[in-house]
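Peer 1: This is what each chain is made of:
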Amino acid sequence: MGSLDGKVACITGGTRGIGLAVAKAFLDEGAKVVINGRDPVKAQKTLDELNAGANVFFIAGDVMKREDCEAIVNGTVAHFGRIDILVPNAGGGGDPGPVAEMTDEAMEVPMIWNFWHTFWTIRAALKHMIPQGYGRIMAMSSVEGKMGKPMVSGYVVSKHAINGLVKSVAHEVGTLGITVNALCPGAIETDVMMAQGPGAAEAMGLTYEGLLDLFAQQSAIKRINESEDVALVAVLLASDAGAGITGSLISIDGGTSPY
Amino acid sequence: MGKLEGKIACITGGTRSIGRAMAEAFLAEGATVVVNGRDAAKGAVALAEMGGGPNIAFYAGDSSKQSVVEGLIDFTIEKFGRLDICCLNSGGVNMTAPVAQMSDEEWNLEIDWNLNHVFWGMRRSLQHMIPRQSGRIIVTSSVEGKLGKPGIPGYVATKHAVNGLVKSAAQEVGTLGITVNAILPGIIETDIVRNTGPDSAVAMGLGTYENLIAAFSSEAATKKPNRVEEVAAVAVMMASDAARNITGCLFPVDGGTLPY
Numbered sequence: 001m002g003s004l005d006g007k008v009a010c011i012t013g014g015t016r017g018i019g020l021a022v023a024k025a026f027l028d029e030g031a032k033v034v035i036n037g038r039d040p041v042k043a044q045k046t047l048d049e050l051n052a053g054a055n056v057f058f059i060a061g062d063v064m065k066r067e068d069c070e071a072i073v074n075g076t077v078a079h080f081g082r083i084d085i086l087v088p089n090a091g092g093g094g095d096p097g098p099v100a101e102m103t104d105e106a107m108e109v110p111m112i113w114n115f116w117h118t119f120w121t122i123r124a125a126l127k128h129m130i131p132q133g134y135g136r137i138m139a140m141s142s143v144e145g146k147m148g149k150p151m152v153s154g155y156v157v158s159k160h161a162i163n164g165l166v167k168s169v170a171h172e173v174g175t176l177g178i179t180v181n182a183l184c185p186g187a188i189e190t191d192v193m194m195a196q197g198p199g200a201a202e203a204m205g206l207t208y209e210g211l212l213d214l215f216a217q218q219s220a221i222k223r224i225n226e227s228e229d230v231a232l233v234a235v236l237l238a239s240d241a242g243a244g245i246t247g248s249l250i251s252i253d254g255g256t257s258p259y
Numbered sequence: 001m002g003k004l005e006g007k008i009a010c011i012t013g014g015t016r017s018i019g020r021a022m023a024e025a026f027l028a029e030g031a032t033v034v035v036n037g038r039d040a041a042k043g044a045v046a047l048a049e050m051g052g053g054p055n056i057a058f059y060a061g062d063s064s065k066q067s068v069v070e071g072l073i074d075f076t077i078e079k080f081g082r083l084d085i086c087c088l089n090s091g092g093v094n095m096t097a098p099v100a101q102m103s104d105e106e107w108n109l110e111i112d113w114n115l116n117h118v119f120w121g122m123r124r125s126l127q128h129m130i131p132r133q134s135g136r137i138i139v140t141s142s143v144e145g146k147l148g149k150p151g152i153p154g155y156v157a158t159k160h161a162v163n164g165l166v167k168s169a170a171q172e173v174g175t176l177g178i179t180v181n182a183i184l185p186g187i188i189e190t191d192i193v194r195n196t197g198p199d200s201a202v203a204m205g206l207g208t209y210e211n212l213i214a215a216f217s218s219e220a221a222t223k224k225p226n227r228v229e230e231v232a233a234v235a236v237m238m239a240s241d242a243a244r245n246i247t248g249c250l251f252p253v254d255g256g257t258l259p260y
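Taken in sequence, the protein lines are chains A and B.
The first sequence begins at 1 in full-length UniProt numbering and counts up one residue at a time.
The second sequence begins at 1 in full-length UniProt numbering and counts up one residue at a time.
Chain A extracted, bound-state conformation:
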């Protein structure tokens, strides 16, 4: 008997990194889970690894496109009959660099990838959750949704925007059985971090290892976080006990954020 028996969850991203850890934790608690990614070949590896049979379903799509975001949410309802839990999880940064020299695209990419995708999927999910009078939304924010670092302003801005969206929506649907929270992890060495971290580090005048160490040194635990840390909190918020927790920006950062 899991704490999420019978619940249907939709996770953008989800073939790797934090999304995969959340998917595993939800499956362990008895939920049915949709995961998403751009590449069906990569996804097949994940599905094989999860080995969860009919309880997991993959929907291909690029979250930087509105129609794909809506198709992921609506596809969840089409496949499993409903959507109880939404985790807009996919995301990453744009080309790093100082604001004074930044291209429009360097700001647009993280805003679309992180913020607009979160907005599109939340809006689509609420159309199902409001009539059913139940829902749990956990947007993937970041410690950078509360703080700031030089050279990664697009990431910082888009994660701050997610936190604002979460607070507004939480108040709009607070009496309708729907909770909306943001998860704010510290640095985690996901595939996206490994792909983008070296460039961001270089823009900051650091090595990749130096960047990870900077994050670690800002925390109380002096090490970076792990995807499972985020999954732990996601399960809690998705459970019945999460009914009274909404509009919160939960720090999962080893004591980094000041609030």
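Bear in mind the hints are in silico, worked out from the structure with no lab data behind them.
Any given hint might turn out to be false.
As the list claims (entries may be wrong) - Below, simulated PhoX-like cross-link-like pairs (lysine-lysine); rule was C-alpha separation at most 25 angstroms, straight line:
1. B:K42 <-> B:K79
2. B:K146 <-> B:K223
3. A:K127 <-> B:K223
4. B:K79 <-> B:K65
5. A:K127 <-> B:K224
6. B:K65 <-> B:K42
7. A:K24 <-> B:K224
8. B:K223 <-> B:K149
9. B:K3 <-> B:K79
To be verified - One side of the interface only, derived from the structure: several residues of chain A facing chain B at Cβ under 8 angstroms:
10. H171
11. Q217
12. S227
13. E228
14. T246
15. L249
16. I252
17. G254
Values in this document were obtained by computation on a predicted structure and should not be read as measured data.
Cβ coordinates follow ideal geometry from the N, Cα and C atoms, glycine included.
Got chain A sorted already, so can you dock chain B onto it with the hints?
Peer 2: Just chain B now, with coordinates in the frame of chain A:
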């Protein structure tokens, strides 16, 4: 297999309300729990209601007293061999008043009960946990640890203070296998709120207990009070081994009241 199998916990103020919900949730996850309260009779009832048994004990005493807080921790270690999880949970007000009318007696009580009790408990626990390189400290703070309301200045000041204490201590022991976190509940209709709420409502200019509950609820997105079980679930998560990387966190359980 529970998430807290074999863990030893103590909870200040655990016979009723939030602390009691924590005790029940910890027991359900396999922990051994010592609860505390002023009233030995209430303690006996609480133990009986939780099924008695070798995994639960009661330590009588007023948690606004240093000897009691330290005594609870020492008792737990002596009786069960060690302390893994320390919940510094009790607190409240007696006869609150606006600053201009606040008595020294009430102010000192709130400082002792809400702030000093947490400090005394944290210090004693850490002295035991640091050599063992393992531990969980969970403080019951409040939304009033980040906000302010008229008429309850001592409560607001002390809850802000414990949030600061949690953040400092978390940094001090962050690499030692010990986490220090706070839970920030919104209004919950606990025994203490029911007992002191009517007087607090007058001090806050709200008139009645019902108005006090409504005023707090109206600030939440959920437009209703929180439940003790919600706080207990967060405490279980923080107490678990899996939460080793979550520390210095001020975790709201407030239906969307806090702005940050």
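Peer 1: For each hint, tell me whether it holds in the structure or not.
Peer 2: Tested hints:
1. B:K42 <-> B:K79: holds (21 angstroms)
2. B:K146 <-> B:K223: holds (19 angstroms)
3. A:K127 <-> B:K223: holds (22 angstroms)
4. B:K79 <-> B:K65: Holds, at about 21 angstroms.
5. A:K127 <-> B:K224: Measuring from Cα to Cα gives roughly 24 angstroms; hence the hint holds.
6. B:K65 <-> B:K42: Given pair K65 of chain B, K42 of chain B holds - Cα atoms ~19 angstroms apart, limit 25 angstroms.
7. A:K24 <-> B:K224: violated (33 angstroms)
8. B:K223 <-> B:K149: holds (18 angstroms)
9. B:K3 <-> B:K79: Distance of about 22 angstroms is within 25 angstroms: holds.
10. H171: holds (4 angstroms)
11. Q217: violated (11 angstroms)
12. S227: violated (11 angstroms)
13. E228: OK, holds: E228 of chain A within 8 angstroms of chain B, min 7 angstroms.
14. T246: holds (4 angstroms)
15. L249: holds (7 angstroms)
16. I252: holds (6 angstroms)
17. G254: holds (5 angstroms)
In summary, the numbered hints that this structure violates are 7, 11 and 12.
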